[in-house]
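J.: As a plain string of letters, each chain reads:
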Amino acid sequence: MLEHLLLQTILIPALCAPAVIILRRAIGKKAAWIARLGLLYSTVLLLMGCLKLAMGGAALTESHAFAGPAITLDLLGDGISLPIALIINFLCLALSIYADHYIDHRIEAIYGEVDERTAINHYTRFYALFLLFPTGFMGVCFASNLIGIYFFLEILPLPLYFIMAMFGYVDRVRVAMICLMWAVFGAGFFLVGSVIVYYTTGSFAVSSIAAMAGTPAARWAIAMFLITIMAKMAVVPFQVWMPWVHAEHPTCIAGLLAVYANVAVYVMLRLLVIPLPGDFQFFATPLMVLALITMVYGALLTLGQTDIKRFAACSTISQLAYSMLGVCSMTQAGIEGGMFFFLGHIMGKTIIFSTAGIIVYTTGIRDMRQLGGLARKMPLTTALWIIGALGLAGFPPMSSFPAEWIMFTGIFKAGLTGSITKLIVAIAGAAAITLSVVYCFRSVKIIFFGPISERLATDNHVKDPPLSMSLPLFGVAAVAIGFGLYPRFILDLFHQVIGGLPF
Amino acid sequence: MIWQLDFLILIFVIICAVAAINIRDLLSAVIILGAFSFFMCLLWTEMGAIDVAFTEASVATAISTLLFVGAIYKTTRRSKD
Amino acid sequence: MKTVILIFVILAGGLLLYGTMDMPAWGDPNSPANTYVSPRYIEEAMEATETPNIVTAVLADYRGYDTMGETTVIFTAAIACALLLRGIGSARKEEDES
Amino acid sequence: MLEFIISKYNFWFYVILMMIGLYAMLAKRNLVKKLIGMNIFQTAIILFYVSIGVKAGKVHVPIIIGGHGTHHAIKAADYLNPLPHVLMLTAIVVSIATTGVALAVLILIYRRYKTLNEDEILAIRQAGRETGA
Amino acid sequence: MAQQFPALIITIPLLAALFTVPLGTLNRRFCYPWLMFIMAAVLSMAIVICGRVITFGPISYHMGGWQPPWGIEYRIDQLNALMLVLISGAGLLGAIYSGPSFKKEIDGRQTLASSLYLLMITGLMGIVITGDLFNIFVFLEIASLSGYGLIASGGNDAPFATFRYIIMGTIGASCYLLGVGYLYISTGSLNLMDLHRLLPELYHSRVILTAGALMLVGIALKMALFPLHAWLPEAYYEAPSAVSGVAAPLYTKVAGYLMIRILYNLFDPGFFTEVFPITTILSWAAVFALLIGSIYAIAQTDLKKMLCYSVIAQVGYIVLGIALANRAGFSGAILTIINEVFTKACIFMATGAIIYRIGDSRIEHLGHLFRRMPITMLAFIVGVFSMIGIPPTCGFFSKLYLIFGCVEAGQWVFIAALLLSTILNVVYFFRVIKVACFEDPQPDYERKEPYPEITMEEAPIGLLLPVVSAAAMILITGLGSHWIMVNLITPIIPAGF
Amino acid sequence: MLTRVYDNLIVQTVCRVMIPFIQIYALYVIAHGHYSPGGGFQGGVILTAALALIFLAYGQGPAIRRMNRIQAVIFCSIGVAIYVGIGLYCLLAGGNFLDYSQLAPLLHVSVPRARSLGILGVEIGVGLAVMTAMYSIILDIAGQSGNETQSTDTEPETGPQTANRKPDSSQ
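Order-wise, the sequence lines are chains A, B, C, D, E and F.
The working numbering applies: residue 1 is where the first sequence begins, and numbers increase by one.
The working numbering applies: residue 1001 is where the second sequence begins, and numbers increase by one.
The working numbering applies: residue 2001 is where the third sequence begins, and numbers increase by one.
The working numbering applies: residue 3001 is where the fourth sequence begins, and numbers increase by one.
The working numbering applies: residue 4001 is where the fifth sequence begins, and numbers increase by one.
The working numbering applies: residue 5001 is where the sixth sequence begins, and numbers increase by one.
No lab work stands behind these hints, which were simulated from the structure alone.
It is possible that part of the hints are untrue.
[As the list claims (entries may be wrong)] Below are the SDA-like pairs computed for lysine to any residue, each with C-alpha atoms no more than 20 Å apart in a straight line:
id	chain 1	residue 1	chain 2	residue 2
1	D	K3008	B	I1009
2	C	K2002	B	I1023
3	B	K1080	D	A3123
4	B	K1080	D	Y3113
5	D	K3075	C	I2007
6	C	K2002	E	A4230
7	E	K4305	E	W4284
Kindly produce the complete structure, drawing on both the sequences and the hints.
T.: And the structure:
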């Protein structure tokens, strides 16, 4: 079972997708269980991989022929990629359960009352597309050559485009196109970067990037990769697409969209920070400043939102910058914290966005100002939102708290011993957290407390959603809290790789 | 193979070719094309390629001209250039 | 437009003339074309095929495959003309008429 | 110099002929003229090939003298090169076949546009497209 | 018997074409199953030949039992075998497709069209299988003439488009023939392998230079390479769907094959890169082709016209790969040929199916198509992904290898052009997908009333099956590209790369 | 069009006299292709000329009565099929495609003789194919088409010559 573990995790969702489509006539909606079981299986696999690694096992490496003898698909499961892949896969699993009712609701809202057959077609189409996400994410996590990473980065925008255009909200087709064009734009630069690497080192392996340290080509390659990464992460000059895309997609993939954007920080760590610390130093400070600007900008943008989905969307811009700040700080603690924050953020974002989806699902209202006082009618939802908000704000039981703590102490220490910029960045960044605290708690207050409107009070539909929607989110919350209370499991794994870096 | 004769026929061939593409009446042009083919046959016989000449004589001067004339009768024989 | 084409044609002709400069002289019996492959046809054809007309022997035997292609070309042309200028499948009607 | 000219002039003539054909194919606006040019063009190539096979001096056409039952040694130098002739038989057939198909197409064109002038046809099509859209 | 397959694979479709006419005179309905049966037989033979070539190495077959260079030789290496499989595969798809398509578009003339179709396949296969330069010309003409006939039988403006095609095609074939003549006058041979052996001594002869240039110009005309492309879009646009669904994938690719043969098998690779650097010109022409083709494609409002222009762009990819003259570029060119055959077949045939149902192919008329013809559109999208180069399809791998080729050659401009054309591809294809999938997207998420009732009206199975199989082949060749690289492409990379 | 001159007695009489000679000459050209210039192609074209002469002198109707368009195409396929068939027979007999030496056992002759006969066989095929193909092309291009408007089916040959058909039928 553990043989070709990494390849299995990539292939199983990819193989489940056609199965879902093919079997839809025979088993109807139960076809979605194929997706869920497949994801469950790969999650278990990854968990076993992580445990093996935690108990002192060696990093997993695999090599598979891909396209001709010159290009192979090399996979690497080490201390960073395995836990990240585990969490992402777990989120996919949780969302695949959550999506069940939600997507029914979207089909009804968009396509009206449709007959059984069409409904099942739409439903299974969603799941088939959904399964491409885990394929792409696992691939990006594990691939250890540039072509592999490019390959999987190219896959990712496709399900996004189609899911968005089929099941999204206002003006969804145009927004989907925006998203796709940004992705193609980014991918092009990534390819150019890879080609530069290949040209100078003669190989696409990530491990060979280190060989170009100190050459002028290294800077060019870094610049190319950075454009891709920043476009994906919606760092300030490239942030235009994010509020649109994040606000209008169906919320059942919200968490995955957060991963889609945020996984770029992992790519940055893998391709730039670890192999080329020296050359990356040149870019680190400007990037930190950019990250800081993005943090503040995103937070202010969030404060101004009244739309419940846009609220979550804008907060993503700000939150993404935290992990980038951590990784760009070029300190061990900063990087570990940044990566850990990445995990905390995607879990928190999944919870809060999905809860927003629940609210839209039950009330049909997106404007926060029309909501209020929902706590009495929807206690479970309120709990979920609060947990999510705590996660975003970085409050103690959640995993983002230790993450921010480690990250900022790391930067702070580096600032005290050396560069004054880092000190300023650390202080400013910590101050920016207060902004996120403000918007988080403001949202809780507006939505769940205060007076309830007449319409909502009398509406019988406004109640806690079916358990299949809330339970997976509680599962995610439990994991987030678990890591918040016991961060060592992940951090130790991270440390296996990052501890060896020369900072 | 006498090169002077050869040269002379070639000149004729060229004249025919130029005339064929410059005459405005298409029917005449086609007939001149037939003459062109005929001179070509002569040239090839003179070069020793009797089989080719025979074929050219039967095809180009007969069938090809017939086809052209037939097509021109079905369409138009006027041309602006 | 015609001037452009004329210039183009003259240039192309110039290229071709340039190519002829290195050609073996016209009628040179020792040119590669006359000494490499074809002598064997001349020497062997009579013996191998009992056909004095070497052109026929080469046409239908040594390079008989080309000739098959040539016949196919004619057939293709006939079919193409027929396809374009008549609605076939109306064979019966035409037979009635004749 | 004269020798050089004599040794090459045949090739030059074929080039001239070919260019006449090419010019007609490209510059003439009448479609039949284009076809005439095409015929000249192809014939020029055939001329070139036939010229390849020529051997100066006293040589026979490629038909073995004595006909059937000859057993004296046959010298290759005594006969013309038959291969270009063979190739050109095929080329002539190809040329007539192409002409046939082209003429068939030409008739269809005339049926549709009632003219054979390329410019007029283009104008008709342009007008048709504007009214159609 | 299997060692006679090289001859049979040509003669069987030829004989079948001959018998189609009497058969169709008996009853027009016999033609369609007959066509499919023959093409299936040809495909299976091509696969057997391909298998034999992979296991036992190149096959040499002497026509009439005469030794080359005196007789005509068939020399089948991996490249020929691959092309045979591609041609017969696309031919089979087209044959299946031809039934409903001919019935709708040229009803009453199916007999002759079927016969001509088989002749076209014969001609194309004859071009790729033979090892004799003049024989290539003969089969080139068979393929061209049948193509002229089939294309001219299409829409209203088809004859005029065909006439231009005839003029350009004849110039191209004549240039090729002249090039062969130049080679013949300086070597005395017509056999490809034999010439390859003889030519290196003559590399500095002006005759050989002119011969190479002439043959390449001729082939560039036939494949509609950039400055010589003007005839193509019109001709393929006007052709009947079944014809454009086969001609668009095959003609330009067969010409690409010929270009590979001439550049690297007839001459040594070094000749065109060093002695006579025509590859530089070719690669720039290719770059312009792929940019200009894409730009023209964006400007079109008609789906089929757009695809015709994208054929020009794709020719650019193939020629670019060939002209880069290195291992990766060469592999990329062949992968592009493979991928393009199925991609073009898929999307042209899908477009034909759309025209069959909708009546025309203007992009603004394609709304709701995804709901009306879901399977066709799904296949179409797979084809589009392959055109753009999105991973699991073969188009991704071919583009990847092309980029490697550019890297190996150190041509950064070309990489930029490739990426730009990819983005242009995305623009023009997603415009279609957008209209077809998500026409009039509702701005209001609270929408309650259903969409207007749209009933599914999928194309008939005869049109659907080839489209879907082509889409499946795109995915299969994509996933099997490793196998293709190892077994088919690596053995034929010319020595000297 | 080309069929206007029906009543030109002189032309018709000359043709009636000429045509058999032309045809015999054509057959001679085909058969004697081994020994003199000529062969299937040239002979076939001359045979076409004979048919074309009928077409020119008597009009389309009589020509079509001798051989109609469908027959022309079918005979053309038979002609090519003779060629391919001889090649295929050689293949089935154990040689390569078109290896005429395999005909020797069948015809009980020596190998060179077999090759010679094989050449004759294919020349006959070529002659038949070329004659009918050229004839078919001439009929299509120069003849009256019943298909002016590209309708899906051919109407019977109509036009002014139908009136002239009666006197012709006595020919």
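J.: Tell me if the straight-line CA distance from C:K2002 to E:A4230 falls inside 20 Å.
T.: 18 Å, holds
J.: Is the hinted pair D:K3008 and B:I1009 satisfied, with a Cα-Cα distance of at most 20 Å?
T.: 16 Å, holds
J.: Starting from B:K1080, check that the Cα of D:Y3113 is at most 20 Å away, please.
T.: Judged against 20 Å, a Cα distance of about 16 Å means the pair holds.
J.: Just to be careful, I want the Cα atoms of D:K3075 and C:I2007 compared with a cutoff of 20 Å; is the pair within it?
T.: 47 Å, violated
J.: Do the alpha carbons of E:K4305 and E:W4284 lie within 20 Å of each other, as the hint requires?
T.: 24 Å, violated
J.: Does the structure keep C:K2002 and B:I1023 at a Cα separation of 20 Å or less?
T.: 17 Å, holds
J.: Does the alpha-carbon distance linking B:K1080 and D:A3123 stay inside the 20 Å limit?
T.: 16 Å, holds
In summary, the numbered hints that this structure violates are 5 and 7.
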